[in-house]
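*Asks:* Protein sequences appear in the order of chains Z and U. Numbered per our numbering, the first sequence spans residues 1 to 88. Numbered per our numbering, the second sequence spans residues 1 to 593.
You can trust all of the hints, since none of them are fake.
With the Cβ distance kept under 10 angstroms, some of the chain Z side facing chain U (calculated, not the full set):
hint, residue
1, Gly9
2, Tyr12
3, Ala61
4, Met76
5, Asn77
6, Glu87
Keep in mind that the hints were calculated from the coordinates and are not lab data. What you are looking at is a predicted structure, and each value in this text was computed from that prediction instead of being measured. We put the beta carbon where it would ideally sit given N, CA and C, even for glycine.
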Amino acid sequence: MSNNSGSNGDAYWRANITLITVSLIIWFVVSYGFGILLHDDLNAIEFGGFRLGFWFAQQGAIYVFLILIAVYAIRMNALDRKHGVDEQ
Amino acid sequence: MDLQTLTYIVVGLSFALYIGIAIWSKASSTGEFYVAGKGVHPVANGMATAADWMSAASFISMAGLIAFLGYGGSVYLMGWTGGYVLLAMLLAPYLRKYGKFTVPEFIGDRYYSKTARLVAVVCLIFISFTYVAGQMRGVGIVFSRFLEVDLITGLVVGMGIVFVYAVLGGMKGITYTQVAQYVVLIIAYTVPAVFIAFNLTGNPIPQIAFGSVITAADSPHQGEYLLHALNDIVTDLGFIEYTDGGKSIIDMFAITLALMVGTAGLPHVIVRFFTVPRVRDARSSAGFALLFIALLYTVAPSVGAMARYNLTTTVQTGEVGSPDGNLAYENRPAWMERWEATGLLSFEDKNNDGRIQYYNDKSTKPGFLPQAEEWGWEGNELQVDRDIMVLANPEIARLPNWVIALVAAGGIAAALSTAAGLLLVISSGISHDLLKGTITPGISEKSELLAGRIAIAVAILVAGYLGYNPPGFVAQVVAFAFGLAASSLFPVILMGIFWKKMNREGAIAGMLTGLVFTMGYIILYKGVFIEPVIANTPDNWLFGISPEGIGAVGMVLNFLVAFLVSKMTAAPPDHIQHLVEDIRTPRATAAAE
Chain Z
1 MSNNSGSNGD AYWRANITLI TVSLIIWFVV SYGFGILLHD DLNAIEFGGF
51 RLGFWFAQQG AIYVFLILIA VYAIRMNALD RKHGVDEQ
Chain U
1 MDLQTLTYIV VGLSFALYIG IAIWSKASST GEFYVAGKGV HPVANGMATA
51 ADWMSAASFI SMAGLIAFLG YGGSVYLMGW TGGYVLLAML LAPYLRKYGK
101 FTVPEFIGDR YYSKTARLVA VVCLIFISFT YVAGQMRGVG IVFSRFLEVD
151 LITGLVVGMG IVFVYAVLGG MKGITYTQVA QYVVLIIAYT VPAVFIAFNL
201 TGNPIPQIAF GSVITAADSP HQGEYLLHAL NDIVTDLGFI EYTDGGKSII
251 DMFAITLALM VGTAGLPHVI VRFFTVPRVR DARSSAGFAL LFIALLYTVA
301 PSVGAMARYN LTTTVQTGEV GSPDGNLAYE NRPAWMERWE ATGLLSFEDK
351 NNDGRIQYYN DKSTKPGFLP QAEEWGWEGN ELQVDRDIMV LANPEIARLP
401 NWVIALVAAG GIAAALSTAA GLLLVISSGI SHDLLKGTIT PGISEKSELL
451 AGRIAIAVAI LVAGYLGYNP PGFVAQVVAF AFGLAASSLF PVILMGIFWK
501 KMNREGAIAG MLTGLVFTMG YIILYKGVFI EPVIANTPDN WLFGISPEGI
551 GAVGMVLNFL VAFLVSKMTA APPDHIQHLV EDIRTPRATA AAE
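Using the sequences and the accompanying hints, generate a full structural model.
*Replies:* The following block contains the structure:
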């Protein structure tokens, strides 16, 4: 156990793992799911001039990746403070 | 002012800027030399990471690759961006907390083993050298094409510039030059894209123009969606639909995974996150890096589609199959003539009709080939190198000369920034991990710094030699470097953070398994030092996975072997388990002091 977090350290790490798991599920779904495995089915849907599966593979997945990292960084900063393990 | 003078001025100005930054940011300690004194602002580090990451291949080749592959090219777009999610969540913050200088150093400490550190150094040097050779070649090509000097002169100038700022400034100099290089390359990439998007669709934002209606008055598809028109015209010519098909699903899956994990496992990318002041900066910095990368990576597919459309309609001026539907060779535009001179574009009039037929003469579309024969087409007559797509873009869109000069400077910036980052990890692997860590532990900081500078100088010479005299494998660099990074380094770093019981034996066995399997598979099909043993065709591939994607399988094997071996051998000592706990929390603890 790290000294100044005590059993709190476990809760902090568990919260981090949960956040990572949720993020990586979304990461997988938008790229491997929408962009590759479901690409053909999603292509039946069109918006603007884009077929949806194609759009996820060449644009959408990248935008979602950006949002994922931003949310993770913000949530982790809050978690650091909540569990008293932030850098001072 | 003529194009060549203008190009000399723009490229010369960019070089003066890089050297100025190098002098301003001279490194005076090993901390500054290896990790820029850990004082880099996360936004600056994000830009530097983006420039470090985006190589000559991203800048020059990727859009062209996508133009010809269509949907199949998506593996590069997702694969080379998705890795940053892994970096931000699984590696960067913890490695920053660990807080030393190199990736092998972490592996050596975490697995309490000099052998593990040495294996990691070997992987690192191999990955980085194959990669850097391609960059030097890129520098040479841009020089010889735009400045019309021969390849060797281009290489020597490029090596000289990298030498000045990498040897002098180390990581500190490299970081701040990379920030400048990012600015140069992103402007050079987006300016032509904006003009082309505006000309074709009336919308200047390439990401939106991509899905817009064609408005250009001289287009035969005015009023149709760009992607619809593109699908129609390429299928009429026997190619597969632009927005569909190409590679098998399992192969797309494997390549994307290998590229993502490979990105997260590349030492020169990981080490960039050692340079920020705090753990939280490592997280946000990965986000900024991806933001700056996405500026290019979301424009590239748009450029690819527009370039494919422009090229195809330039050649196929009228209805497919009608006798006067094809461009007469004597009426070809000036840019075609100019690029013919470089050999990257060539025309052979197979049916002697004086017109250019550009179509898929190996089409599998039912009834297409007999139909083409009926039209009197006797094979595809136009060969186009994919690298032209970005480099000739400004000319195709009839943009002013200063834009062309800027593209030259951008290509050089992309190649130099990546080369410098790679050279630094090679040099720190030698001076810090081999000398200080293994051979001569008593070495003083001053001597280590000198050794680092000498190592980087030697590495530049070797890279220059490889760039001039490329061994057969430079073209396969991508498959190799990413596959190896994915299958050797990534799993052991990840397990070292997320699984306390992972031990020395598991790490060494895992790294070696991943390395040997992946390298073996690539050599078998691509023949790196030898002739390929097995023909590189989908029927022969293991599970239908190409050598490009095999790193994903190597990674899984590495994880499995590491896990099983760790289970069967003694758990790591207590102080190592404490070290793992310590790197998981951002705040420094007493135990770590």
